[in-house]
Every structure is written in structure tokens, then in C-alpha cells.
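Colleague: The chain contents come next:
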Amino acid sequence: MVARKNETPANAVGRASSGKKLLKCFEDHRHVWVFMELERGNVHPVSIELLGEGRRLADKLGVQLAGVILGSSEGVGTKPAIEEAFAYGADVAYLVESPLLANYRNEPFTKALTDLVTTHKPEILLLGATTLGRDLAGAVATTLQTGLTADCTELDVDGDGSLAATRPTFGGSLLCTIYTLISRPQMATVRSRVMATPQRADKPIGRVIQHQLLMVEEEIVTKVFAFLCNSGSEQSDLANSDIVVGGGLGLGAVGNLQYLRNLATTIGGGVGCSRPLVQKGWMPADRQIGQSGHTIRPKLYIAAGISGAVQHRVGVEGADLIVAINLDQNAPIFDFAHIGVVACALEFLPALTDAFAKRMAPHNSIKVMDRGS
Amino acid sequence: MHIVVCIKQVPDSAQIRVHPVTNTIMRQGVPTIINPYDLFALEEALQVRDRYGGEVTVLTMGPPMAEQALRKALTHGADRAVLLTDRHFAGSDTLATSYALSHAVAKIGESYGAPDIVFTGKQTIDGDTAQVGPGIAKRLNLQQLTYVTKIVSIDPTSRELMVERHAESGTQMLKSTLPCLITVLEGVNAIRRGSLDDAFRAARSPVLKWGAADAGIGELTKCGLRGSPTVVKRVFAPGPRAEKAMQMDINDKTLAEVAADTVTAIFARQPVLERKLTSHGNR
Numbered sequence: 007m008v009a010r011k012n013e014t015p016a017n018a019v020g021r022a023s024s025g026k027k028l029l030k031c032f033e034d035h036r037h038v039w040v041f042m043e044l045e046r047g048n049v050h051p052v053s054i055e056l057l058g059e060g061r062r063l064a065d066k067l068g069v070q071l072a073g074v075i076l077g078s079s080e081g082v083g084t085k086p087a088i089e090e091a092f093a094y095g096a097d098v099a100y101l102v103e104s105p106l107l108a109n110y111r112n113e114p115f116t117k118a119l120t121d122l123v124t125t126h127k128p129e130i131l132l133l134g135a136t137t138l139g140r141d142l143a144g145a146v147a148t149t150l151q152t153g154l155t156a157d158c159t160e161l162d163v164d165g166d167g168s169l170a171a172t173r174p175t176f177g178g179s180l181l182c183t184i185y186t187l188i189s190r191p192q193m194a195t196v197r198s199r200v201m202a203t204p205q206r207a208d209k210p211i212g213r214v215i216q217h218q219l220l221m222v223e224e225e226i227v228t229k230v231f232a233f234l235c236n237s238g239s240e241q242s243d244l245a246n247s248d249i250v251v252g253g254g255l256g257l258g259a260v261g262n263l264q265y266l267r268n269l270a271t272t273i274g275g276g277v278g279c280s281r282p283l284v285q286k287g288w289m290p291a292d293r294q295i296g297q298s299g300h301t302i303r304p305k306l307y308i309a310a311g312i313s314g315a316v317q318h319r320v321g322v323e324g325a326d327l328i329v330a331i332n333l334d335q336n337a338p339i340f341d342f343a344h345i346g347v348v349a350c351a352l353e354f355l356p357a358l359t360d361a362f363a364k365r366m367a368p369h370n371s372i373k374v375m376d377r378g379s
Numbered sequence: 010m011h012i013v014v015c016i017k018q019v020p021d022s023a024q025i026r027v028h029p030v031t032n033t034i035m036r037q038g039v040p041t042i043i044n045p046y047d048l049f050a051l052e053e054a055l056q057v058r059d060r061y062g063g064e065v066t067v068l069t070m071g072p073p074m075a076e077q078a079l080r081k082a083l084t085h086g087a088d089r090a091v092l093l094t095d096r097h098f099a100g101s102d103t104l105a106t107s108y109a110l111s112h113a114v115a116k117i118g119e120s121y122g123a124p125d126i127v128f129t130g131k132q133t134i135d136g137d138t139a140q141v142g143p144g145i146a147k148r149l150n151l152q153q154l155t156y157v158t159k160i161v162s163i164d165p166t167s168r169e170l171m172v173e174r175h176a177e178s179g180t181q182m183l184k185s186t187l188p189c190l191i192t193v194l195e196g197v198n199a200i201r202r203g204s205l206d207d208a209f210r211a212a213r214s215p216v217l218k219w220g221a222a223d224a225g226i227g228e229l230t231k232c233g234l235r236g237s238p239t240v241v242k243r244v245f246a247p248g249p250r251a252e253k254a255m256q257m258d259i260n261d262k263t264l265a266e267v268a269a270d271t272v273t274a275i276f277a278r279q280p281v282l283e284r285k286l287t288s289h290g291n292r
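For the protein sequence lines, the chains are A and B, in the order given. Residue numbering for the first sequence follows our numbering, beginning at 7 and increasing consecutively. Residue numbering for the second sequence follows our numbering, beginning at 10 and increasing consecutively.
Mixed in with the good hints, there may be bad ones.
Cβ-to-Cβ under 10 Å is the rule here; a few derived chain B residues that face chain A [to be verified]:
(1) 143
(2) 181
(3) 182
(4) 242
(5) 256
(6) 266
Subject to a maximum C-alpha distance of 20 Å in a straight line, what follows is the list of computed EDC-like cross-link-like pairs (lysine to aspartate or glutamate) [stated by the list, open to error]:
(7) 285/B - 248/A
(8) 229/A - 177/B
(9) 286/A - 195/B
(10) 262/B - 248/A
(11) 184/B - 164/B
(12) 184/B - 224/A
(13) 305/A - 270/B
(14) 159/B - 292/A
(15) 262/B - 334/A
(16) 364/A - 270/B
(17) 184/B - 113/A
(18) 242/B - 162/A
Just so you know, the hints here were simulated from the structure itself, not pulled from any lab data. All values derive from a computational prediction rather than experimental measurement. From the three backbone atoms N, C-alpha and C, an ideal C-beta is built for every residue, glycine too.
Chain A on its own, in the form it takes in the complex (with noise of 0.2 Å):
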């Protein structure tokens, strides 16, 4: 759930002038933190997009970056965490190590992050936004009663030392910028992948400040009673290909999409769709790309009958190359497009699939007539 009518441009303007001024209680907070993400002692690949920025926010601000570290010594344990946070600039690691936090659960993450907080005192906290994102820094702002920003693209602090988190808004047609001014900590989440990747340094293990979670397991009233992993490579083979075909409206009718699935099989990438398509029953959800589905960054991303929304725009606007086919020469996609193509996709799809297996065919035994079906 939403922004419940928080941003539409009317609303917009009277915020931005409402003069608000951070809390007095509040002006003892520094430093700028990042939530690790563990996913069984791995630390998810947000996390690390988060330091690069986060460092870059700290030094702007001429602060501290910590990495915040909840889990379990059991299995994995939290020293690879704590050593990727140092690795990738965190000056200190905050760690809170407890069997209670071996399985993401709501309650003792939030106390666990909360209580960090409340001793602490960041002035900047950023998360992921994935599932467990999510969940926790809604839970997390809640009890501050703090501002929280959802799935920024782009992460600044302004002369004043303020947070600027711009994030799309009003179904992804605009863009706005949002400053959590009374409370601390700013709050945001950043989709994976939005984020470019930093460089990894060796850097020698800093500060590492341990907590106790103040909480027994009696106390939790939900249990993981499971876990079952995804068997298939299918969720993460988008967010991860080389080369992702995209269709949009622009196809026309659900029987088209072959003409998309044979360039993907052609040149070996990833099948995904604007977010119509998944409201019409077309592709799965999990094949959407975009601000509420997967974020891109592959080499090269084929959009065919897609017009590009913004909210389509930011899922994609990291891939290297950008090939944009549409009928419409006015469809935003050409303003962020490095390759245009006016054309109908239905008729260009097809060829383009031909002069793809004929560039190649030279080299390998690919026939033209084998591909898809």
C-alpha cells in the first residue's frame, strides 16, 4: 500500500511550503547508515549498491558510514557481512547477533533496527527495497515516527545537510523530490539495481559496535514454521541478463508476444513487459519491469511497443543500450532511448530477429527457420 494521496502536484506545493524545521531533540543525529540485508549470511547485492552511495552521501556530509548488521552466528554468521560493509566503505558496523534474527521476521527486526536507532542517533538510514525492505523500514519509520521514502532513484544531500530522495511519482509520469524536515532519520529504501556497483576495497576491518537484542523468543508472536527457496533461476534471470527483450501495448494481442519470445530465444536474453501487460493477464507478474516490477541493467534492452512511462523509465534507465521500437515518434521512450526505431514492432520484430541470426549465423550453425516456436 501507498502514499495514500500524498503526492499529487496540488498537495506538492503546499508542502513544500509548510516551513517545517527539524525538532530540536532531533539535531544530535549524524552519520549515515545502510540495513545489510542477509539473505542466509549473504549479504544481498542492494546493500552493497547502498554503501557506494551511502559513502558518497557521508562524505558529502563530512560523516560516518555504518553498516547495520542483524542476524544470527549460526551457519554463515555475520563476519562475511561485516567484512563486505568495511570492504565496500562503511567506517563501523553495527551488529546485533541473536538467534531471534537467523529468519527475517518483522517483530524482533524492527526492535533489533529501532532500538540501534534510538542509541545511536543516524541522521540518514537506507535500506532495500525488496520484501524484507519493505517490511521492515515501514515497520521501522512507523515506530519513529519518522519520514520514509520508498524506491528513490537518486539519493542527494542539499546545502543544508538535508536528504533530497527523488523518487516517481503519480503512476511514474513525474519524478519529485521528497526532505523529511522535522524528524530523524531521513528514511529511504532504493530498489536493487538502481544503484550502480562500487568498487570493492581491501580495506583493513574497522570499528565493529555489537548490541543485545532486548527481547526473548516468547515474546515473538510469529513463527517461521518454513523456508522453501525458489528452485529455478526464473525470479532473478531478468534482474540479471545480459540482454532483456521488453514488449508493451505496442504488440497489440497476447498471440504476439512470440514475435518478442523468438528475439529473446535468437539473442539469448531475458523476456519482460510494461506493467499493462501484466494487468491484462499477458505475462506473470514476476516478468514486469519497471518501479513495481524487476530494475534492469543489462547490456542491452530491446523495448517494442512500449511508449516508456516513467515508472517504466526507471526501471530500465541503467542498461547500457537502450533500443526503442514504437509507431509513435512522440512515445517519451525516445527521450531516453540511444537507438529510435519508428516502426510497428509486430513487423519489425520479426526482422530485426532475422538480421540478429544472420549477423550471427556466419559463425555458428544457427538456421533462421530453427529459432523459437
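Place chain B on chain A using the hints.
Modeller: Coordinates of chain B only, in the frame set by chain A:
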């Protein structure tokens, strides 16, 4: 079993356009719909009611016109509808919204029985934040179960339930207790149309309209603009890329020629990709 479903009326974002010159939203003629994700939440609530009995109250916060969304929810089969509407709520961010909605849920509980489950969609399509659900759960001290894909079982006697929850790398099977707040992942169940009876009932049913005072909200400073810690400083349309897109020349050319030119242009900019595609077959 009493179930409350929080829904939101949203503009059909697929049909929103930005004015090319003034960079303002062109709202004229853009239809409003129930947030699609909330429809999955409503359906899940109706299924629980069908299985375990009880009633479903739908709640929304918004301008008076949001009544339409509630009427629609009634035609889908909801039993009661509450519209939380007050000028004091204007400009609410997610924190202020969860404050107002949590009071309304509590008030619904006082009037019609404490809710066992509060449902919301996983997020809305206009704000996309997924923050209001957890906000309501925290404020009402409900167990927070987000991104639920399936309600496996509910035991009304022991007040325990088992749900499947979508996580980054798999599915969590969670055992929890009522009362709880569940945000529903899309595509769990097909959304029912509602019967003719539902349609007649919806037409006759009143939509309860509550202002801040009706919902028992005393602290107006926690509502709307004043109660929102976040401030929108700037709204803008994203600018075009500094470097203009290379438009493929299609004049006097066959599609095959344009396609060949396009591949050449792609490989010229991505030589690594060309090496990969041409040396390792089609994978």
C-alpha cells in the same frame, strides 16, 4: 470473523499523460479505479469470509468521490463500506495516512466488532510505497504479514493461522495469530464479479462517511500536511537524455535493411556483445 479491507481509489495510471509543454499531469478524462492490488486483497477477504463466516468491511480514505470505489467493492460482495473523508487529511504522507486509517479501523472495531484480519494490497499503483500496510499494523499492534501469497489455514478457535509469504529468495511459511494485518501479493485468486444479489444490495447499502472526529481522531496535528514528516519539495518531469537518440533511417528502405542497420548500430556500440553472440552460439 470480522475482516476489514483497506482500499484506495487511484487514477488509472496507464492512461495518465504529462503535458509536453507545461509538464503538468493531464487528468481530464483519466478514469479512476480501485487500486488493482487492493482487489486481490478484497477477493482474499471474501474467500476467508466464505470459508469461515463473518463479514467484510471495506475502508478507504480519500475525497468524497472515493465513494465510487467503495460502491464497487460492495458490488464485489463486501458487506459494509466506510469512507474516511475530511479536509484535515489532505496532503497526508504514508505516516499520516496510517495514523488516520488505524483510528478508523479501531473505530470500526468498536462499532462492528474487533477485526480479526485487516487486509491491504501489497502497494498502490500511484504511490508504489507499500508503507501504509505496515504503518497500520504497527499502530494497532497487529501481527504484520506482508506479501502474502496464500492463506493456508485459519483456526478460529485457537486463533492461529498459517500463511505463505513471498520473500526475496523463496517462500516463508509463517505461523501467526489473529488479529493480524495481511498485505496480499497479486495474482493469488481470480477476482469475482459479484452476484446480482450483491449488486442490488450494493445499490441499497449506505456508505458510511466519517470525518476525523467520527473516527475518534483527537490529534489533528498528526493528520494531513501537518502530520506528515515528509515534504515534497519539487515535482518535475524527467528530462530527455543529454545525447539524442540515434534514429534509424527508414526512408526508402525495406524493413530487413532497417533491421540490418539496427543490428550494426547495436554491435557498433556494444562490441563485447557482438563477440559474445557470434562466438558462443545463441546463448
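Colleague: Does residue 242/B pass the interface hint, meaning its C-beta sits closer than 10 Å to a C-beta of chain A?
Modeller: The hint holds - residue 242/B has a Cβ within 10 Å of chain A, the shortest such distance being about 5 Å.
Colleague: Does the alpha-carbon distance linking residue 242/B and residue 162/A stay inside the 20 Å limit?
Modeller: Since the Cα atoms of residue 242/B and residue 162/A sit roughly 13 Å apart, the hinted pair holds (cutoff 20 Å).
Colleague: Are the Cα positions of residue 285/B and residue 248/A separated by 20 Å at most?
Modeller: Distance ~10 Å between residue 285/B and residue 248/A Cα, so the pair holds.
Colleague: Would the hint linking residue 262/B and residue 248/A be met if the CA-CA limit is 20 Å?
Modeller: Violated, at roughly 30 Å.
Colleague: For the pair we were handed, residue 286/A and residue 195/B, check the Cα-Cα distance against 20 Å.
Modeller: Holds: residue 286/A and residue 195/B sit about 13 Å apart, inside 20 Å.
Colleague: Given the hint that residue 184/B pairs with residue 113/A, test it: the Cα-Cα distance must not exceed 20 Å.
Modeller: Roughly 13 Å separates the two Cα atoms, so the pair holds.
Colleague: Would the stated hint for residue 256/B survive a check requiring a Cβ distance to chain A of less than 10 Å?
Modeller: 5 Å, holds
Colleague: Would the hint linking residue 262/B and residue 334/A be met if the CA-CA limit is 20 Å?
Modeller: 19 Å, holds
Colleague: So if I understand the rule, the pair passes when the alpha-carbon distance is 20 Å or less; does residue 229/A with residue 177/B pass?
Modeller: The hint holds at about 18 Å.
Colleague: Holds or violated: residue 143/B as interface residue toward chain A, Cβ cutoff 10 Å?
Modeller: 3 Å, holds
Colleague: Within a Cα-Cα threshold of 20 Å, do residue 305/A and residue 270/B meet the stated pairing?
Modeller: 19 Å, holds
Colleague: Hold the hint about residue 181/B up to the distance rule: shortest CB distance to chain A must be less than 10 Å.
Modeller: 6 Å, holds
Hint check: a violation occurs at hint 10 only; the rest are consistent with the structure.
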